[in-house]
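If you're matching them up, the sequences are chains Y and X in order. For the first sequence, the tail end lands on 675 under UniProt numbering, and the numbers increase by one without skipping. For the second sequence, the tail end lands on 661 under UniProt numbering, and the numbers increase by one without skipping.
Incorrect hints may appear among the rest.
[To be verified] To give a feel for the contact side, a few chain Y residues facing chain X, derived at Cβ under 8 Å:
#1 Ser186
#2 Thr292
#3 Ser326
#4 Thr435
#5 Gln648
[Said to hold, decoys possible] Heads up, simulated DMTMM-like pairs for lysine to aspartate or glutamate below, C-alpha to C-alpha not over 20 Å straight-line:
#6 X:Lys200 / X:Glu260
#7 Y:Lys665 / X:Glu131
#8 X:Lys313 / Y:Glu521
No wet-lab data here; the hints were simulated from the structure. Every residue gets a Cβ at the ideal spot worked out from N, C-alpha and C, and that includes glycine.
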Amino acid sequence: MAQWNRSGYFRSSGSRDVNPDLDGERQTASFSVERLTAILDGGADNTRTRRAVEAVIHSDPGFSRENQYFQSQNERYETAVRKSVYLKEKMHQMGWTEDGPEIKYCYRALGGDLAFNVHRVFKNSILALGTDEQIAKWIPLADKYHIIGTYAQTELGHGTFLRGLETTAIFDISTQEFTLNTPKISAMKWWPGDLGRSATHAVVFAQLYIKGKCYGLHAFILQIRSLHDHSPAPGVIVGDIGPKMNFEHIDNGYLMLQNINIPRENMLSRFSQVLPDGTYMKQGSDKINYLTMIITRVQILWTEVIPMLLKACTIAIRYSVVRRQSKLNPGDPEAKILDYQTQQQKLLPLLATAYAFHFMNAYVNEFYNKGYTEIKQENFDSLPELHALTSGLKAIITEYCTAGAEVCLRACGGHGYSALSGLPFLYTKLAASCTYEGENTVLFLQTARFLVKCLAAVHSGQPIPPSAAYLYSVDSGKCQAWTKMDFLRPDIYGEAYRHRATRLLGNAATKLQALVQSGAEQHEAWNQCTVQLVQAAKAHCHYIVVKNFIDTVEKLRNEAEIQKIVKHLCDLFALHGIFSNTGEFLHAGYISGDQMDMVTASYLDLLAIIRNDAVPLVDAFDFTDESLNSALGSYDGHVYQRLYEWAQKSPTNQQVSQAYASYLKPLFQNALSKL
Amino acid sequence: MNKDLRRERDSASFNPELLTHILDGGAERTRRRREIEALVLNDPDFQHEDLNFLSRSQRYEEAIRKSALMVVKLREYGIADPDEIYWFKSCIHRGRPEPLDLHLGMFLPTLLTQATLEQQDRFFMPAWNLEIIGTYAQTEMGHGTHLRGLETTATYDPTTQEFILNSPTVTSIKWWPGGLGKTSNHAIVLAQLYTQGQCKGLHAFIVPIRQLGTHEPLPGITVGDIGPKFGYDEMDNGYLKMDNFRIPRENMLMKYAKVEPDGTYVKPVSDKLTYGTMVFIRSLIVGDSARSLSRACTIAIRYSSVRHQSELKPGDPEPQILDYQTQQYKLFPLLATAYAFHFVGAYMKKTYHRITGDINQGDLSQLPELHALTAGLKAFTSWTANAGIEECRMACGGHGYSRCSGLPDIYVTFTPSCTYEGENTVMMLQTARFLIKSYTQVSSGQLVSGMVSYLNDLSGQHIQPQQVAARPTTVHINDPASLVEAYKLRASRLVEAAAKNLKAELNRRKSQEDAWNRTSVDLVRASEAHCHYVVVKLFTTQLSEINDAAVHAVMNNLCLLYALYGISKHTGDFLQAGILTDAQVTQVYQRVKELLTAIRPNAVALVDAFDFHDNHLGSVLGRYDGNIYENMFEWAKKSPLNKTEVHESFHKHLKPMQAKL
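This is chain Y alone, in the form it adopts within the complex:
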């Protein structure tokens, strides 16, 4: 029970006067939190650098996030611009460079609330698709922010299906110019970040037409706002697309082009160019850029998406040991809500998921590096696999993280619903991830298409890529567990996941084939199987994550204490997945009903075990209070005081509202005279 004699807890990283309920949890950790943090950071050196950067950022009031939840869309946008500009100065002052290790820690410390994120994509697209001259012309300007760029691809009517984009770029031989147009309302560029209010230039994707013939999508650089007074260029209609669920610090914009002429040199021409006489030429392979694009896309997962699940878990788990409600035993004090099995069931599997996904980073990087080396040697064999793998992982990770943050929010009861918990912010930001950078269902189907091909290769005895090589192994047909302890064996549950993935893929492929053989057209058969194919792709990704978690545990063999707790998390992740999808494991009898009861028993036992280390496990993520920006999740656990003091700073308590004088008071009189 919090007493009155505390105050001034709002900024607290310095203070280590910890709520005893939270402190007690830390005294009994079974492992060294500091050691685990170092492992998660990829080495103690990284941890040191990160903390040094965080200390610099947090000690500067110019980066305070205290008012973030009180701000309007306009204020959030302006704050993001101000902080981004200020961060540039700060980095310069500290001697941190754009490609140094500090920048990602700055981003982490600031919770990502910065502007000009798409400016970087703008630069990268020029670096990737531009000729050396184009790079020499534009990149220095962009580096100095003399121009601010955006990347305008998505349109009102088309997102996922790029070929359907409708913006046109028509080459005019007589003037040596491209004329860009938005031929109809659905062709308007819609959603690009930094476009609405900030950008002066844009890389625009448009269908290239030469002499009436369409050559498909190409990228063009054009100026959209004046460098003098920032007003829109003639023929350009540009603005902000309006309020969103979150991301209000970003000015996602619309862009309509009316007969904009740009010189021939403004088409990004590294891989295809238009000669003065209108001849279209393709040159080289852009596959290496495709590879870079894939990896940039998935790196969002580890810099943005997964950390938000880690934060949500930190907040919900810390709050759940501070919050006491009801009694477990008559006469006892009220119990910490984390002692309730139902609360453990909500949060601890998410904690395990957070670790599972964090550890996927190394796996994906390894794939990428191997692919990169091969592609440099003109060997493109690994590209389809890398595409399939990253598509599926993006989909499963964003889906789980989004759903997970929402569970954390609701697990904090009413207080989770307060913006001051930080959870609505995390959730609404995550919620965008399921549809941006590829809509998840579409991505799962891309993975499925790859898997169906792999399966065909298996049947015809061809070699298949490593991530799907398991399709070759022979199935034992029945799960080999005899007691509930057997389900703590990675070989047992790993095999169960493998079996499920193989079975679901086999079923979907068989169905697909049957439909085709019965006379259905290929595309119709595919559409009729998509629900099953998505299911199969999910099972495949789930297996990859479980398998990688098992391998990660294995690699921790020199860290006995840490290996032990991470092994528990791995077991929990795997068994929770079986427990939540019992039908897929029971169907066809791989796991029997009795075995499923063992799974449940082992799973519930694990909850109680991990419960004891839950707080140290989230402490190891090592988020600063400022980065969490949550009244419920702060390190010292002074939840209620912080909530109370912070609420008083709300504009609704600071500003004079006209509501009473204008509406309530006259109403009273009005009502009195009438009734």
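Assemble the complex: chain Y is given as a structure, and chain X must be docked to it using the hints.
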């Protein structure tokens, strides 16, 4: 009208108007509802700027303005029937909360049910006339669900015949009550009553908190708004801290319990009466689950018929995204669920009214069961709707994320119902407690009645562990009645399993509570299975009451989809209990996909039948006419960031930066 939507409507196999009548409870009620909605829609006083562009303070102000008008106009029009008030109100506030909700929904009713006649004389008419605006202050910062843990104290002082109210700790500050932050001048405060040195538990007190006339907080009262939330921008959820604040003895609500002038405490006769109110509020939440999910489905399904993307067949025009199986699989089960929950809500309301009749005749026997079972239904429907709304939003891709879709707003307004009025997990466990109690009764040879009567089938079998599982599998997957039986078997299997695990834990450990906690995951599963059974049963029952053949046919498909989709998502339960075979489960999967195809031509008509006016939907994507893209553009132009052609941060930040670099 958009040509795709027109074609969808033309090709429907049934008349949606007839279905609207069923949802409203008769053609006459549909007519009356529309009449009342027209009063709002045609009234310029209720028009205003799009709320998405307003700040929180502005939204609160707009809501207060409308609420004040609403009360006046309700009386002007003589609208007094609760349903009609609800139609009027939700049309004005477009399904959003408003600052007078607690005054109208809690403060006034509590005065009516718990105040003495003398207190009603003093408070009711002023409150009715809005001289007094009250709220209901129960939840504290440290306690919500566990009422006995509330810490606010009301200590009786016989020398002055006053209660002294105190918030002794930070955690005891009242936190969350709607209308408390800025609007109310009175509150019904729940506090632990201390008299003659003893704690008598929670009681309700009428506490003035703001000065009449100036609206300033009274001395000893600290009151304010709790700050921004996920949603509920219109609502001034507030905090209240009391320091030795004195109120006269007569301000304790004393219809049941009393404190005499000398401090003697007189106990209430029965504490079951409050159950009735809770059942009523839960039935409202179930109805709200249905409506919120219906709105989300309306938006997502209309948008999916207007949006074209990619290609199914190379060379063909881009298809409507609703033609993709994966899109149908996301949306149609939710559509079926929305209908199912409508019928559950209607059933609960009817039951509540029936039971209220019994209560008035002094018969409280059915209350505990009803109270226990509705807890689970509240949790079951709100969890499902909560997830379903988000599913609809994501099915609209990027545009769903824009507030112009209306979906973020529906979601953030709805989602707190999973935690308010009883946190859902706690609710599920209340239902589980009743299920276990019934199971124990059956085990000891007694019969149980009502919705749990299926447990009677377990009678005499509880000695043999696999009895339920050993049933022959005779489920017909195209017969709703047979599916009800399947769900019934699943529920009994899971109740039985939870009861056995509980018993095993009890045998292993001493404490009842500890064993309960260690079984709670199983118990929640049992409750969910029970609720799922109830929903399937009520949906199936509803089918027999539909006379029109065309409507019946389409509702039959929806009912089948609801039941079969539920099985396909929980195949483990059905397989493990031996209710369905592997082969049948495969058939279920296949049948679900066939039903998607069967429902596809009627999808738009089925959401049209919900009959939400565009104003109420508040969605550019869900517009009745389907003209989405031009209207998205029009909407965006009004965004606050577009107020000036060049944003001020250009001059403040960008320009100076460019000069420096």
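- Item | Hints the structure fails to honour | 2
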